[in-house]
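Protein chains in written order, with UniProt numbering: chain A, 1 to 480; chain B, 1 to 480; chain C, 1 to 480; chain D, 1 to 480.
Certain hints may be false.
[To be verified] Computed cross-link-like contacts, SDA-like style, restricted to lysine to any residue with a CA-CA straight-line distance of at most 20 angstroms: (1) B:Lys281 to C:Arg111; (2) C:Lys163 to B:Pro244; (3) A:Lys281 to B:Ser114; (4) C:Lys48 to C:Leu32; (5) D:Lys281 to A:Ala116; (6) A:Lys104 to D:Glu287; (7) A:Lys281 to A:Arg128; (8) C:Lys163 to B:Asp323; (9) D:Lys163 to C:Pro331; (10) A:Lys163 to D:Ala322; (11) C:Lys106 to B:Phe284; (12) C:Lys163 to B:Glu350; (13) D:Lys281 to A:Asp120; (14) C:Lys281 to D:Arg111; (15) D:Lys163 to C:Tyr241; (16) A:Lys281 to B:Asp120; (17) A:Lys163 to D:Glu350; (18) A:Lys163 to D:Leu354; (19) C:Lys163 to B:Leu354; (20) A:Lys106 to D:Glu285; (21) D:Lys250 to D:Ala322; (22) D:Lys106 to C:Phe284; (23) B:Lys104 to A:Glu285; (24) B:Lys163 to A:Pro244; (25) B:Lys163 to A:Glu350; (26) C:Lys106 to B:Glu285; (27) C:Lys106 to B:Glu286; (28) B:Lys163 to A:Ala322; (29) C:Lys106 to B:Glu289; (30) B:Lys106 to A:Glu290; (31) A:Lys106 to D:Glu292; (32) D:Lys163 to C:Thr325.
Rather than coming from a laboratory, the hints here were simulated on the basis of the structure. Since the model is a prediction, treat every value here as computed from it, not as a measurement.
4 protein chains.
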Amino acid sequence: MALTIEQVAQHNTQSSCWLIVKRRVYDVTSFLAEHPGGTKVILQFAGKDATTAYESIHPLSFLDEYLSKDKHLGSIDLDDSAPAGADGQVKKTKDMRRVELERKRKPPINRMLSSADIEDVAMRVLPRKARSYYASGGDDGISLRENVRAFSRFFFKPRVLRKVSQCDPSTTILGHKTSIPVYISFAGLAKLAHPNGDLNFTRSAGQTGIIQMVGTNPSFSHAEIAAARLTPQQPLFLQLYKNPDNEIAKRFVQRAEQLGYKAIFLTVDAPVLGNRETDIKAPFEEEDEEREGEPLPPQDEEVEAGGSEGGVASAFSKQDDADKTWEETIPWLRSITKLPIVVKGIQCVEDAVLAAEAGVDGIVLSNHGGRQLDYAPPSIETLHQLRLRHPEVFEKLEVFIDGGVRRGTDVLKALCLGAKAVGMGRPFNYANSAYGEAGVVKLIRIMEREIVTGMRLLGAARVSDLTPEMVMRVDFYSKL
Amino acid sequence: MALTIEQVAQHNTQSSCWLIVKRRVYDVTSFLAEHPGGTKVILQFAGKDATTAYESIHPLSFLDEYLSKDKHLGSIDLDDSAPAGADGQVKKTKDMRRVELERKRKPPINRMLSSADIEDVAMRVLPRKARSYYASGGDDGISLRENVRAFSRFFFKPRVLRKVSQCDPSTTILGHKTSIPVYISFAGLAKLAHPNGDLNFTRSAGQTGIIQMVGTNPSFSHAEIAAARLTPQQPLFLQLYKNPDNEIAKRFVQRAEQLGYKAIFLTVDAPVLGNRETDIKAPFEEEDEEREGEPLPPQDEEVEAGGSEGGVASAFSKQDDADKTWEETIPWLRSITKLPIVVKGIQCVEDAVLAAEAGVDGIVLSNHGGRQLDYAPPSIETLHQLRLRHPEVFEKLEVFIDGGVRRGTDVLKALCLGAKAVGMGRPFNYANSAYGEAGVVKLIRIMEREIVTGMRLLGAARVSDLTPEMVMRVDFYSKL
Amino acid sequence: MALTIEQVAQHNTQSSCWLIVKRRVYDVTSFLAEHPGGTKVILQFAGKDATTAYESIHPLSFLDEYLSKDKHLGSIDLDDSAPAGADGQVKKTKDMRRVELERKRKPPINRMLSSADIEDVAMRVLPRKARSYYASGGDDGISLRENVRAFSRFFFKPRVLRKVSQCDPSTTILGHKTSIPVYISFAGLAKLAHPNGDLNFTRSAGQTGIIQMVGTNPSFSHAEIAAARLTPQQPLFLQLYKNPDNEIAKRFVQRAEQLGYKAIFLTVDAPVLGNRETDIKAPFEEEDEEREGEPLPPQDEEVEAGGSEGGVASAFSKQDDADKTWEETIPWLRSITKLPIVVKGIQCVEDAVLAAEAGVDGIVLSNHGGRQLDYAPPSIETLHQLRLRHPEVFEKLEVFIDGGVRRGTDVLKALCLGAKAVGMGRPFNYANSAYGEAGVVKLIRIMEREIVTGMRLLGAARVSDLTPEMVMRVDFYSKL
Amino acid sequence: MALTIEQVAQHNTQSSCWLIVKRRVYDVTSFLAEHPGGTKVILQFAGKDATTAYESIHPLSFLDEYLSKDKHLGSIDLDDSAPAGADGQVKKTKDMRRVELERKRKPPINRMLSSADIEDVAMRVLPRKARSYYASGGDDGISLRENVRAFSRFFFKPRVLRKVSQCDPSTTILGHKTSIPVYISFAGLAKLAHPNGDLNFTRSAGQTGIIQMVGTNPSFSHAEIAAARLTPQQPLFLQLYKNPDNEIAKRFVQRAEQLGYKAIFLTVDAPVLGNRETDIKAPFEEEDEEREGEPLPPQDEEVEAGGSEGGVASAFSKQDDADKTWEETIPWLRSITKLPIVVKGIQCVEDAVLAAEAGVDGIVLSNHGGRQLDYAPPSIETLHQLRLRHPEVFEKLEVFIDGGVRRGTDVLKALCLGAKAVGMGRPFNYANSAYGEAGVVKLIRIMEREIVTGMRLLGAARVSDLTPEMVMRVDFYSKL
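Next up, chain A with everything else stripped away, as it sits in the complex:
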């Protein structure tokens, strides 16, 4: 059925809400309440073309998967639709012009020597909102920054006169071979970084022999990502935000298992979204920039305007079950899948012990990249405490950490303390933002080089040569 832009425009309320995406019209009225990102973010496009906003978040296939066929109302006439919101017509904001200029100026990829170099480029070429989304942390960003700084409190005790001409940085994660002890963590909204979104991670991981962990709401569908693997043997892991409805959650997990995902990382540190102010403020700041510093129109100062707090992250707040428990959730998950189960988001020694008692296959010591509770401890500190107080846990399950890893030496510190591997999230998104797939590969190669150099200088020819005695926590340094 062919529809006109005027027809669509009349369905612009909560009672009847139509959207245009890619010149097709959808009735999303009944879906409003179910939208993981909330009702409001959809309603702002009610009766309009939502293509740009939609594409920056979701795979197109989601509309087919989640919306019944009778809600697919038909297509719209090209000429009418275009003016309503097609990208080509959008007046460029200052930020858009800044990004265009920075993209032209960026240095060649072969000048990238470290993850910091790549992050610097990404910070320049990313649109403000995307940058704010990636970079934001909870509250004042204390945990965000401590994640990085904490590594600087661990110094090495390198050993000399050991044979290191042959040095092998490979290991396994849950039985799957990886060329270096690093996996790609899911950081969300990968299309904000690059049009190919998560697929660039899949391909890069395949090329370099490392493993990608895919989120619950990636930028392409789980099937598309699975299909992007270089070989069917290339392992993928699934990071699970468990739906409060066990049936929905069960279907989701089993579908992933069928698609070939090899492990479930159950997220436990995000029953509610953290308070990410940088992210929330980004649109205000962009708006102010456009006004060129002109004051806002006058207002009644004593009356609160009724705020639309949110930010990109809020538009994406997950349908995560806030009532998961050790007693119920772990056995349930074990009952619906044969995949190894990893609990992601452990933040203290006591819960690591509980995880071992619960018989899970692994844990990720993580504070969610400093995006959830501010003043949650950096995972390298929690790892250190676990090593000191409950070394037996490392015998019972595989321990991973994420958050703040930037250098090969960071990886090596974690491995010395007993981690099996470390996850990196933001750095890969920055690499994708700056140089796409080539950037992700470049970053993996940089990490590999740094890890191998570090192992040799530590006197370790194999990953198993890395021991707790090789690191010490010092009182004397904090990276500034």
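Dock chains B, C and D against chain A, hints included.
Structure of chains B, C and D alone, referenced to chain A:
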């Protein structure tokens, strides 16, 4: 009796001192010696119109309460009085013009995401002297800043896989229900922030279900504040500076009890006023600004001019009994009131133990917002020491802390360590300064949201789920 | 005998060296080798008028005391002498003009609220060389700055509900009453600060009831200083740099005893002068400033010019016996004087114990204001260690400290830990530089006010109420 | 044989590679694979004049030593060669012009009061690439900076009333007398600092009575350096990078022994080169500077250009045996030489103990100047740990440290803790850069003066008076 401006002008000495307030003339000669703020601050208006200065500090009703009727000399002719000092005629200083401009430019209240955002606005819209009064600390401001920084040395150990979909941040203070574990501390001179002064706190507390503590010298009378409550059940607490004269003190306490105040917070950390240099310097700086950097007139450098040190706080130094003791004061206070007694200003574990032995109902660990003795310890540190060394004290009385609380996480750290609730003073004055009553409500809502989010991310569904094991004091961080 | 300027000019070598001081001619050839400040500093004036340089260091009476009458060659004709070097003819350097301007601009003394305020003024009004001399420390100034910062690691544990309306800060030092537990340390070269030099300290101490310690080479003679006392009872102490020649040293000590000095502070931390680079560099910098940044004339870069390292301090390096010992020097000193003996410059607990064993009457824990060995410990830290490890020492002798004291709270921390009193040196020189005698009195009054306020807020009505339990060394703060 | 520039130009590939050095032509084709600095760095000069690049690294004699006579093809005509690459013809870069200007402006040597003063001059007068080489550290430069900062955590406990008028700072190293407990460490590429390169160290060491350690690849041949000694008795030490080929290594060591070198310092902390990004980036930055900020030409952003990572250090990466072991290498070395063996690059207490067990004559606690593994511990900290945990090691061998030594007090701290002497590398290169041989002598004199002053102020008349009790590790300071 109608008086002329010339008649009043003749009574401009310590022997005969008349003032005009709101076009009425008062003979305050006999009151000079009793004035809590000292003689000098009154004498500068002897024979003149003191309306502006008076109104910025005192409730009008005080003149009726404290000055006998025969000292009310009559009214003054409007035309004569106005030129002598009415506000409309005052030449605007640079600072006044700055404030006017900043008030126009301030962001809408719905952009306020945190107490820091609100403080930023307040710092811009407050007159210099008011800002200096609120922001000042003792000596070099070490305790002032440490109050805030100290919280950053306490990190969380969040627990996962606990049911937190239902989360209740309410608790009780001395038996009175409060929607969140925060009460409004008295910070003084609230009219400098907003014409409605303390009344805005009363109304906001009523709306949001929290409790206000009112000072000994509020900007409206204790009766006016009691009358501003939304319901007669809304609790108010009284912060007491005990007069050296027991009879005066007794009448004051019993009057408050009759007015419906529900607890006495006896101030013990201010037998003399701290050395608040920022406050004292503010008028000099304003004067310099007016002169536009022109040097002061020449002077005989070797001879001290005889300084009038003071500042806003000095004009208000209290008639506080410097000889209070555990042995005499507490039993005396118990003997004159049935209200619960809380000792406010405990700064070490030893005195907390003495308080428990003295049988008081509560203590506030406080260094008076860093305004008294510099290098007094931040109260979160004292709380931590009390938890470690004398946990039994928490069973014997209610422990509160104040000073440096800015975030929901600060509140939660205190509660984990055993505090029943925390007081916030400056932040509420800043909210009042920036947005009046709406600002105070906004800040309470922000705190509530941060507390609830934090509880969920800690794995706590109720305030009683917050335990000492959930926080750790770290060696590795100080907020910069 | 009347001499001409031409005659004098011929005696400009080490073999025959004449100087003009105050229009009188002296033959100092035989004195060259004995000059405590070295030969070079005199030779630069050989055959010339040295009045200005001489007066900025020495009392005029020294020429009479140290140079036999036959070396007083006579006076010089006024007209001839003046052009050769009288002040009026000196072309003003940039620094002189800067100082003149700053002196006109300085704020009135009644704006001075703290020692820091006074130091700020002094830093502006002092000539560069004088400022460099006063402010300089050894090597990199680590001990210099740590002296101040160290106090910030000691926090209070104030006690409440104690009677403090009556508060008495007076105490005794070696049996002599002092109005506050502070004495004036000798910092040297007081005439650089003010023409009245040390005499301003004598008069101010007399006025305020505190005690002055006078150095071995003060700016006025020991007799002149003794004569400047307000009453014969006003105590003075002597800081002794012991001459290597016991006979000279003996005469010096006994003369002071006859003049009425009441104690000997034997300096033990300066067998050689510390490396004060700021001081040495000051003349270079001034020279560069005069050249307005023009490069120095070309030079042969590979050949060292043969440096005249020095600085103001070097011109004054003392004839101090570098071979003093506990075994020989203390008994010897005891044998030649009945005055109490205080060892000044103790820097570790072990030497404090040795001092007690040696039976001296007191010790000053001091690192010489950070001017000698860099990385010598701040005295408040040494005091703290002494309290922890050898509290019995405080029973055997009086313990003083100096270095870094700026606030009343600093004084109170030292007293809590067991010090009998504290010395302040630089701050008094700064006060003298900025406002002369009135400035010194002002600083004493400021200290008194801060000490009394601090005692009251600590819950101490007398100096003896200050106890070790009232301070704690913290890990959490360093003043920035 | 006379060759033309055109003939040489044809041999510009890996298959046939000719170079011109000093107007002589060499066929280095067969040597390409053996070049310690790698093939690429030579190939960029294939068929061209490599004089400038060659001379900045190697002694001329190396071509005679390492290249058989039949590869010396003959000389080239002067007129033809000059235009191809002689220095006089090179267009000056901005950096060259900056250096010329700075060299004219530099202060006279007698203004140099400390090693920091000299370093400041060197930083200004050095070409960018040389500066980057000298100053660079591994990764983020944490160990680089900690090497310096670590000393600031050690404070002194000076002793007083000890005889120090006679003070002797001399000691022995491996039985050889040295005037102060400092030796010259090898820092590489000394010709970048001064045309006389390492020879300036040899002559300065001879003049001042200290000892030079010469590297494996110095800027002049080992024979030339030996010949530059002031007397045949002047000791030299050899720092050995052991060739993987034992025969080559043996010949090298034995040749040095014959030349009169007195000890072998076996390098063990550099089996691979550290990641020195500053060094690698220097040429990029210079290139950017030349382009005056113009953007690089456009490029396909998704394709990596295939990087030529490297830097000056990379051009010099050593043929170091990465499979050395305690079990094999030490006995082998002992078997081929009678010289004392020192293991250089020990970074933990455990390896110091192994060294003692292996019977070597000495160890250097060193992290290679922070140029190898980042987060390797500063050697003063390792020394402190060794003193605390294995004091018996100091009885079995001589312990040296290097890295971060800048002041006499740094040397004294190390000696107090048990070091026999300390090595200084960069500071001597900076002295050579700034003032050549005179600069090196100046620095040694500065160190001597600081050491003697420090010893006297510590109460130590001889090196053996320096004891562990004289230093303490503090928690309270880090140099900023």
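TODO: Given the hint that B:Lys106 pairs with A:Glu290, test it: the Cα-Cα distance must not exceed 20 angstroms.
DONE: 18 angstroms, holds
Task: Given hint D:Ala322 paired with A:Lys163 - CA-CA distance at most 20 angstroms - done: Within the cut-off at roughly 6 angstroms; holds.
Open item on the list: Just to be careful, I want the Cα atoms of C:Lys163 and B:Leu354 compared with a cutoff of 20 angstroms; is the pair within it?
Closed with: 16 angstroms, holds
Open item on the list: Hint check: B:Lys104 vs A:Glu285, CA-CA at most 20 angstroms. Holds or violated?
Closed with: 19 angstroms, holds
TODO: With a cut-off of 20 angstroms on the C-alpha distance, tell me whether A:Lys104 and D:Glu287 pass.
DONE: 18 angstroms, holds
Open item on the list: So if I understand the rule, the pair passes when the alpha-carbon distance is 20 angstroms or less; does D:Lys281 with A:Asp120 pass?
Closed with: 15 angstroms, holds
Open item on the list: Check whether the Cα positions of B:Lys163 and A:Glu350 lie no farther apart than 20 angstroms.
Closed with: Roughly 17 angstroms between the alpha carbons, so the hint for B:Lys163 and A:Glu350 holds.
Task: Restraint check for D:Lys163 with C:Pro331, where alpha carbons must lie at most 20 angstroms apart - done: 16 angstroms, holds
Open item on the list: Tell me if the straight-line CA distance from A:Lys281 to A:Arg128 falls inside 20 angstroms.
Closed with: This hinted pair holds, its Cα atoms lying about 10 angstroms apart.
Open item on the list: Just to be careful, I want the Cα atoms of A:Lys106 and D:Glu285 compared with a cutoff of 20 angstroms; is the pair within it?
Closed with: 14 angstroms, holds
Open item on the list: Does C:Arg111 sit within 20 angstroms of B:Lys281, going by the straight-line distance between their CA atoms?
Closed with: 8 angstroms, holds
Open item on the list: Would the hint linking D:Lys281 and A:Ala116 be met if the CA-CA limit is 20 angstroms?
Closed with: 14 angstroms, holds
The structure agrees with every numbered hint stated previously.
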